[in-house]
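2 protein chains.
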Amino acid sequence: MTRLLSADEITALVTETLIRCRTSRENAQAVARALLGAELAGQAGHGLRRMPSYCAQALSGKVDGMAAARSRETRPAALSVDAAHGFAYPALELALAWLPAAARRNGIAMAGIHRSHHCGVAGLVVEQLAEDGLVGLLFANTPGAMAPWGGRHALFGTDPIAFAAPLDGADPVVVDISLSKVARGKIMAASQQGRDIPEGWALDANGNPTTDAKEALKGTMVPMGDAKGTALAIMVELLCAGLTGANYGYEASSFFDGEGAAPGTGQLVIAIDPTAFGDGALDRFAVLAGAIDGMDGARLPGRRRQALKARLLAEGVPCDDALLREIEALGR
Amino acid sequence: MTRLLSADEITALVTETLIRCRTSRENAQAVARALLGAELAGQAGHGLRRMPSYCAQALSGKVDGMAAARSRETRPAALSVDAAHGFAYPALELALAWLPAAARRNGIAMAGIHRSHHCGVAGLVVEQLAEDGLVGLLFANTPGAMAPWGGRHALFGTDPIAFAAPLDGADPVVVDISLSKVARGKIMAASQQGRDIPEGWALDANGNPTTDAKEALKGTMVPMGDAKGTALAIMVELLCAGLTGANYGYEASSFFDGEGAAPGTGQLVIAIDPTAFGDGALDRFAVLAGAIDGMDGARLPGRRRQALKARLLAEGVPCDDALLREIEALGR
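Quick mapping for you: the protein sequence lines, in order, are chains A and B.
What the first sequence shows, in this note's numbering, is residues 24 to 355, in sequence order.
What the second sequence shows, in this note's numbering, is residues 24 to 355, in sequence order.
Treat the hints loosely; a few may be bogus.
One copy or two, it doesn't matter: identical chains are merged, so the pair holds either way.
[Said to hold, decoys possible] Listed next, the in silico SDA-like pairs over lysine to any residue satisfying Cα-Cα at most 20 Å (straight line):
| no. | residue 1 | residue 2 |
| --- | --- | --- |
| 1 | LYS332 | SER214 |
| 2 | LYS209 | ALA107 |
| 3 | LYS241 | GLY320 |
| 4 | LYS332 | LEU353 |
| 5 | LYS209 | THR234 |
| 6 | LYS241 | ASP319 |
| 7 | LYS332 | LEU117 |
| 8 | LYS209 | THR34 |
| 9 | LYS241 | MET318 |
| 10 | LYS241 | THR34 |
| 11 | LYS237 | GLY301 |
| 12 | LYS237 | ARG175 |
| 13 | LYS209 | ASP249 |
| 14 | LYS332 | GLY192 |
| 15 | LYS209 | ASP302 |
| 16 | LYS332 | ARG175 |
| 17 | LYS237 | ASP319 |
| 18 | LYS209 | LEU82 |
| 19 | LYS209 | ALA228 |
| 20 | LYS237 | ARG43 |
| 21 | LYS332 | GLY354 |
| 22 | LYS209 | LYS237 |
Note that these hints are calculated values from the structure, not bench results.
What you are looking at is a predicted structure, and each value in this text was computed from that prediction instead of being measured.
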């Protein structure tokens with residue numbers, strides 16, 4: 024049972040619902056832009072499905088819906104952004120507004136966001152930089168889900184890394200990976216449906232492999248690439264939390280329920296001017312993109328998503344009817 | 024059969040041998056510092072064992088041992104370094120000399136190196152930035168070894184990513200991973216010894232899994248984390264080659280033999296001032312390092328290597344006798 028919603032209908036639904044849940048119009052509009060982007064990217068797990076938990080957090084005050092994100096240029100190529108325990112999206116928009124000119128002036132620039140929250144689809148943040156003609160990199164952390172290699176307790180989140188590079192006359196190359204082998208949402212879904220999970224996805228609370236989804240949720244996620252994945256998670260945590268003043272994964276409360284203190288996670292966004300070293304980079308990006316696209320069986324990351332977006336904008340976004348009814352009742 | 028060599032003996036051996044092989048004293052000394060560093064890090068595959076192939080390349084002119092690496096500040100936070108088809112190490116040293124002040128001034132700075140070669144142990148480059156008090160990131164590419172996910176032909180190298188962060192009063196945290204599941208050297212060793220390799224390391228020339236080391240060398244390496252590893256490889260290739268003007272992995276000749284044109288690979292080194300967003304970052308780095316170190320079964324990356332270095336400096340570095348005799352004969 025799905026309903027087709029237009030982009031404008033999704034925007035209005037998210038905005039008006041959040042406003043009913045102690046969120047300013049300005050902040051609600053930023054969240055709406057991000058959740059619509061996620062739906063158009065086929066990333067429903069970062070889209071409307073977040074609304075019940077977002078609203079619960081805004082209503083309980085765990086997320087401050089009225090927060091005003093503020094930024095401060097601390098160096099010529101560094102912007103410190105305080106998300107003020109509000110939603111991450113207004114803070115990310117401040118970063119994305121400042122980065123292009125700073126990167127063009129300096130060659131490279133960074134924005135570090137603290138007291139932040141769920142960053143949504145990481146690839147969409149850097150894709151916007153690429154649409155502005157820049158190379159973008161994003162590191163973000165999420166509440167504790169992965170242990171150091173050999174350890175039993177979650178210190179790191181599933182910690183996405185995203186990258187985008189512009190292509191002349193074509194959609195950007197977008198890389199977006201999280202550092203767990205599979206998304207935690209897949210284990211949550213299996214647990215809710217009473218299903219087992221494949222071996223290799225997760226460890227139980229004693230650090231042993233498990234196929235029991237409920238035990239997995241008490242334990243930790245297996246990193247992608249095993250020890251190499253946790254090595255990258257250390258890098259991401261130090262960059263987006265240690266450097267910016269945000270909470271590490273294991274210090275952060277859940278992105279999903281309305282209980283307790285704010286998660287206070289962080290993001291580091293880096294923008295690079297592709298002409299910083301000379302004029303040839305855009306042509307050279309196109310050379311590698313062409314080599315990948317031209318190979319049997321291979322595909323350029325981001326492409327499938329961009330085709331989907333065009334189709335959903337034309338035809339409407341299929342939304343789960345029960346979820347829409349749940350959202351429509353929020354804050355009433 | 025090993026001999027114990029002191030740091031000074033290794034430096035002299037590398038320097039004098041390279042000078043006999045059409046390399047300037049200055050360049051030979053830079054190579055010696057890097058190979059000694061690799062030996063002290065227990066990374067013999069990036070140490071003295073490279074000398075026969077380095078010398079063959081210098082003698083044939085594939086590497087220009089007389090090259091003078093040059094750098095140019097193209098933006099306040101961007102340095103373009105031309106390794107001039109010489110060894111990578113003199114170019115990396117130019118980058119490491121410029122980056123600390125530029126990162127402190129701007130918050131973040133980058134050096135892009137083109138017409139370069141084998142960067143050695145990637146972790147050592149960023150560790151030096153961390154010893155100067157900076158956060159360091161390195162992306163480097165290597166000759167083609169991995170295919171895009173689903174493809175059959177190698178486009179990307181095994182492409183290391185390295186990261187280091189300083190800790191007050193302790194050795195830095197150093198992360199250093201290559202993007203193949205295992206090092207290509209392990210497959211080369213198995214091939215030389217006529218051994219099979221475990222399933223999951225490599226694909227044959229048709230893109231099928233193989234345990235035959237010789238078939239594996241004709242095919243491609245399996246990326247760490249499967250499709251996520253090749254996604255990261257696209258990012259690394261675009262950053263360290265597309266952006267800098269270097270060759271992509273599939274355009275680069277071998278780092279190992281003296282045949283053909285120069286590899287012309289690239290490196291991108293980024294340095295970040297940990298105080299760019301405020302004064303707390305060093306303390307916060309120590310918090311995460313302590314949480315990892317304090318967990319049963321886990322260890323902080325880089326630690327084992329730093330303990331080894333202290334022991335090897337005190338006791339001498341065990342070097343293979345046959346290799347030493349081979350090096351002593353080079354260029355005579």
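Against the structure, the hints come out as follows:
In this assembly of identical chains, the alpha carbons of LYS332 and SER214 never lie at most 20 Å apart, being 30 Å within a copy and 47 Å across copies at closest. When the C-alpha separation of LYS209 and ALA107 is checked against a cutoff of 20 Å, the pair qualifies neither within a copy, at 30 Å, nor between copies, at 50 Å. Taking identical chains as interchangeable, the C-alpha atoms of LYS241 and GLY320 lie at most 20 Å apart only when they sit on different chains, with a minimum of 19 Å there against 38 Å within one chain. Neither within a single protomer nor between protomers do LYS332 and LEU353 lie at most 20 Å apart by alpha-carbon distance, with minima of 27 Å and 60 Å respectively.
In the homo-oligomer, the alpha carbons of LYS209 and THR234 lie at most 20 Å apart inside one protomer (13 Å), although the nearest pairing across protomers, at 32 Å, exceeds that limit. Taking identical chains as interchangeable, the C-alpha atoms of LYS241 and ASP319 lie at most 20 Å apart only when they sit on different chains, with a minimum of 18 Å there against 42 Å within one chain. Taking CA atoms no more than 20 Å apart as the test, LYS332 paired with LEU117 passes in neither setting, with 24 Å inside one copy and 45 Å between copies. In this assembly of identical chains, the alpha carbons of LYS209 and THR34 never lie at most 20 Å apart, being 27 Å within a copy and 53 Å across copies at closest.
In this homomeric assembly, LYS241 and MET318 come within 20 Å of each other (Cα to Cα) only across copies, at 18 Å, whereas the closest approach inside a single copy is 42 Å. Taking the shortest Cα distances, LYS241 and THR34 never come within 20 Å of each other, neither inside one copy (36 Å) nor across copies (52 Å). Taking the shortest alpha-carbon separations for LYS237 and GLY301, neither the intra-copy value of 53 Å nor the inter-copy value of 41 Å comes in at or below 20 Å. When the C-alpha separation of LYS237 and ARG175 is checked against a cutoff of 20 Å, the pair qualifies only within one copy, where the shortest distance is 16 Å, while the shortest distance between copies is 39 Å.
When the C-alpha separation of LYS209 and ASP249 is checked against a cutoff of 20 Å, the pair qualifies both within a copy, at 19 Å, and between copies, at 18 Å. Proximity of LYS332 to GLY192 under the C-alpha cut-off of 20 Å is restricted to the intra-copy arrangement: shortest distance 17 Å within a copy versus 51 Å between copies. Taking identical chains as interchangeable, the C-alpha atoms of LYS209 and ASP302 are never at most 20 Å apart, the minima being 44 Å within one chain and 39 Å between chains. When the C-alpha separation of LYS332 and ARG175 is checked against a cutoff of 20 Å, the pair qualifies neither within a copy, at 40 Å, nor between copies, at 29 Å.
Proximity of LYS237 and ASP319 under a CA criterion of 20 Å is satisfied in neither setting, with 40 Å inside one chain copy and 24 Å between copies. For the identical chains of this complex, LYS209 and LEU82 are neighbours neither inside a copy (27 Å) nor across copies (56 Å), given an alpha-carbon limit of 20 Å. Within a single copy, LYS209 and ALA228 get their C-alpha atoms as close as 18 Å, which meets the 20 Å cut-off; across copies the closest is 34 Å, which misses it. Neither within a single protomer nor between protomers do LYS237 and ARG43 lie at most 20 Å apart by alpha-carbon distance, with minima of 34 Å and 66 Å respectively.
Taking the closest pair of Cα atoms, LYS332 and GLY354 never come within 20 Å of each other, the shortest separation being 30 Å inside a single copy and 61 Å across copies. Taking the shortest Cα distances, LYS209 and LYS237 sit within 20 Å of each other inside one copy (12 Å), while across copies they are farther apart (39 Å).
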